[in-house]
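Enquirer: The primary structure of each chain is shown beneath.
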Amino acid sequence: MKEDKMKFPVLKRRRCQLAVFVLMTTTSTVLQAQNKIDLASLTAFQNPSANWHLAGDVRADLNQNNTLILSAGTGILVTQAEEGKHGQDLLSNSSYGDLDLELDYMMAKGSNSGIYLQGRYELQLLDSWSVIIPKAGDNGGIYERWDDSKPEGQKGYEGSAPRQNASRAPGLWQHIKISFQAPRFNTAGQKTENARILRAELNGVVIQENVELSGPTRGALQNTEVASGPLRLQGDHGTVAFRNINLTAYDKPKPELLDIKYAVYKGNYKPEIDYKKLVADTRGSADILSSNVGKLDNEFFTRYTGTLRIKEPGEYSFNLNPAGGNGSIIINNKAVVNTGQRKGKATLSAGDISFELIYAKIYDYVKPGFALSVAGPGIREYLISDANVASGETVDPILINAAVNTNLRSFMDIDTIRVTHAISVGSPLQLHYTYDLDKGMIVQVWRGGFLDATPMWHSRGDGSSRPSGSVLKFGKPIMALQTLNSPDAVWSADTAGSSYKPKGYSLDGNDRPAFRYSIYNTIVNDVTRVIDGNQGFHREISIENPVANLYLLLAEADIIETPSDGLYLVNDKSYYIRIDDAGGVKPVIRSTNGHKELIVPVQKKISYSILF
Amino acid sequence: MHYSIKNILHKNYTAVLLLAMAITVFGMEGWSQAESAKEDDYFKIMKVPAPEGIILEVGGLCTLPNGDLAVTTRRGDVFIVENPTSQHPYFRKFASGMHEVLGVAYKNGALYCAQRGELTKLVDTDKDGKADIYETVYAWPVSGNYHEYSFGPKIAPDGSFFVTLNLGFPPDWWHPKSFVPWRGWALNISEDGNATPWAAGFRSPCGISMIDGELFYTDNQGDWVGSGSIVQIKKGSFYGHPASLVWTNMPNSPLKVTQDQVFSKINPRLDVDKDGNPVKPPNIVNEKFMAEYEMKKFIPELQTPAVWLPHGILGISNAEIVKIPEGSFGPFPGQLLVGDQGQSMIDRVFMEKINGEYQGAAWAFRSGFQSGIVRLAWAKDGSLIAGETNRGWGSAGEATEGLQRLVWNNKIPFEMRAIRAMPDGFEIEFTKPVDKKTAEDIASYSIESYIYKYHAVYGSPPVNTQKCIIKGVKLSADGMKARLIVNNLRRYYIHTINLFGIQDKENSFSLVHPTAYYTLNNIPEGDKLSMTGVSTKNSAAGTNKTGGATARGTSSGAVTYASVKNILLKNTCLSCHNPTKRQVGPAYVDVAKRKYSVAQIMSLIKNPKPENWPDYSTPMAPMPQVSAADARKIAEYIKSLEKK
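Chains as they are written, first to last, in our numbering: chain A, 1 to 612; chain B, 613 to 1256.
No lab work stands behind these hints, which were simulated from the structure alone. No residue lacks a Cβ here, since even glycine has one placed at the ideal position from N, Cα and C. Accuracy of the hints is not assured; some may be wrong.
To be verified - SDA-like mimics (lysine to any residue), calculated; alpha carbons at most 20 Å apart, straight line:
(1) A:K367 x B:R1206
(2) A:K295 x B:L1253
(3) A:K177 x A:E102
As the list claims (entries may be wrong) - Over 10 Å on every C-beta distance to chain B, these chain A residues come out as not near it, computed from the model:
(4) K150
(5) A280
(6) G509
Using the sequences and the hints given, assemble the complete structure.
Expert: In structure tokens form, the structure reads like this:
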């Protein structure tokens, strides 16, 4: 292969683009203090009915429907469905229009609940563990609308299935982030714009994006639509727990940019330019702030002037992303973003104020383009400039869907560590894992989409792929098997002294790999399979010749709980480890450096399950 | 497949180049046949039909004992192509999911592949036609840098394996690094997984090859590598790039050469700008420099190329080397063919051994492939399979991938068959008897010699260029050999041997490839040729030999393509550029769109700014050797293409 020449500019470019993407799709926490609902009591809610409780801890029973076992305390909000009783929903005292909502929730087995934005638009919460193709009625779906006038079987309409099933097992904390935009009304009270779920992210993956809601979903508080309404948590269908409920309301009008004029000048920008002496190549006025105004591709700069109409006084942040050059912003005759910088803040009072933006294009190799986004008091970060030219480059993604059992080796980044001898094993059951062939360790498991190979196969690529589903990482890659002189001995970070040698893998008739390696003069066979019913993975490690004092590191986390014999809840209820057959020996939870390790002596064979 | 066939009909610019060079040097005299035969009159590029949807970004190729073809891809697949030379080959996916497989070899019923991080043995034990064992023979460290490509394996006579490992690219990519052992090395690996570091100093050794039980490789031009070349790999040798030497202190290193040994003689050029940020060091035109062979005085382990493959002429990113088997490709059995990725072409090489070291001559052989050639393999029927990809790099053939076949039509092309070094010159052997009149005329020949710099700068211009004086020529009685007596031969130098005036006896055709590049590592001992029967006739004596097209080009007023074409050819510009079409580099019309001034273009020829062309993966080499007059002409031509 020939070597790199252009790699770094290209990478830089991509990073810029990513920056734009992130900025456009996440909400600003800079200026918006999140409002976390205090769950020391239920005072944030309207007349809570008897099915709503507070708890200090909750735990599900994987064998019992609709059951969460509560420990006394506060901080967790629980609705318990009781046999024969119909519970009631919970409404917040406050009303919300545009809203970012972020919370943790835990489903009981077989349970059903929902988050109703404005009491009207439901994002479904359901025990959808093990579902392969999720529907609108599954966990993370936007529930369908309902028309009673239609014949049976045709009453339900609209709704939006999540893009993939990112759900976790009952009894595990799941994390959801929702960005909601309320419907808009004119002064006469007529709706001018439908409500939208701008974005919903479940357990780390985007499951809904920019979904328009033509009206309230089935089971709405009311079928009328309003500018603001209470948050409503469904409590009448099943047992579910919530915690860390964070709300950020966006109820203030956005600034507008008016009377935009531009002048494009040839050459390189210098801050001390006297515009009176300069002849513009092109001039004009525009409806939107856009790089798409001049004929020049490079070595030019454009000066935009206009009026920024501020309706809500307060601190504003500006985020400028100029492709292939730099830029600056002057507001009210004060520099807010200096040349070479990208971000700036300004405290602005209401009214019309002067606005000036310079976009200087320097580098030949990037197409012109820039993005300016603004966030302010009660104003969600939004793109105020032309979205068509927000960055210079777009790439067709190379996505690998495991329609059949599919294995793919690549570099795999586990946080800051690049696993160089990694293989990802994908299944049409939408359960996948990555195995580190250097350490005999499963470094991550996930549900949903298999792999995004764009980083590896676009252009030269960087040799890596990444999961496109909802990932559960198991921490720093570390040797899975080790001999310990005593059960307290430190788990070694590397393979030194173990004579570790990877031997590769064999495929069964369905292309599922069984890994082999040699260590301490024995052969280890390491086989992981999707559990029937898609609840997670079953792993069996067998040793050809017994090795004295050999241990398997099952899990490493800050918290490891033991809800029942042979069952472990790891890392603040992120996943379960279930011992299936340890050959009669018992795993040990030990503390090292303030965190916990779950280890088990290994004689001939050990098998366990990862449930998530 | 979704390739267009236009690439198959791709214009043979190398041949055009050489013909035009003939005009440049000789004017119109001495060149009578406008219809001389071309490459494609003898060697046809055929397709290997493949099912739609398969992505054949070829990284490895090998022919199996039964004639099937194993093809590995950058997407990690291994295909077995049954009946690959028929019009209906059958593609069977043998393995998949591997990490960018850039080589494959067959041994005892198994396939062995180099993935990025290991040598893997693939076996089909249940006989369902696809591998079920993916056995790790040996896993080597990788840091995870994108440029850490791994090539091979090649199987040694003792059954062991060789792989070569690229350097990684840090943010200052112009100074690649060996982040982990044994990047920049060749490894020898036994069947049972014991690895022995074999040799160091590699940069991007894509073209690992086993020729008659001896290991060779081609490297890619870059820092410390002035041009591509063919080099023999010997245990304990050093191949020039110092980055890999950081591991010679390891106990199993077969050599002890250190980076300091190199840097004490040659500045590593860790240039920085005024803010202290690393910058790509430019070539310094007027400086004291060393050629690689001169470093051998200080580092005897340094192994210099057997045959240089001049950059921009015989490729820009040389790849696999194969030996022509007996019975195929006519008059060239035993010689070597070398693929090239960037120029989508194949070179031919004749090697001989003088004083125990290889050296020899290289020619262009066939261009016009649809994508960049990375791998070559002989099919059972004697045709040559080319495995191709250009993703991320670009190539003269514009398709991103391909599997093609080169077929000889059993007609003998008029070529130099071989060039052998003589104590006082060269002996040129032809494939057909030559016309006595042209062959006995010294004016039909011209020779000059040059070398490349050995330095930390990316690539090298040809330097120390000197014309050689041809004192006489003696033609053999059968007209098959011309013995040239040449003054001022220079050991280690590349001798560019032009035979523009030579015609064959039968058709008065010019040579298909009239220029050879002979690397003279050793000048053989022995008696000089007696002057008996030597012709010293020189029809050009006393005339202006270097006038020709260059002079004509500068005389007319308006600059047109026709008027500068010969300048572009002479300076090898057209190896990478075309007036209107994207090639390895941008089309001249696209350069014109940048609206550079004539002075800017002249400066960019000497010091290109590849960072301005990120869509083109192969950077232009600095061309300080282009004369100011030529550079001005080229600049004026490009300027004339601007849309007014």
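Enquirer: None of the hints should be skipped; say for each whether it holds.
Expert: Against the structure, the hints come out as follows:
1. A:K367 x B:R1206: holds (13 Å)
2. A:K295 x B:L1253: Holds, at about 19 Å.
3. A:K177 x A:E102: holds (4 Å)
4. K150: At roughly 43 Å from the nearest Cβ of chain B, A:K150 sits farther out than 10 Å, so the non-interface label holds.
5. A280: holds (18 Å)
6. G509: Violated: least Cβ distance 8 Å, not greater than 10 Å.
Hint 6 from the earlier list is the only one contradicted by this structure; the remaining hints agree with it.
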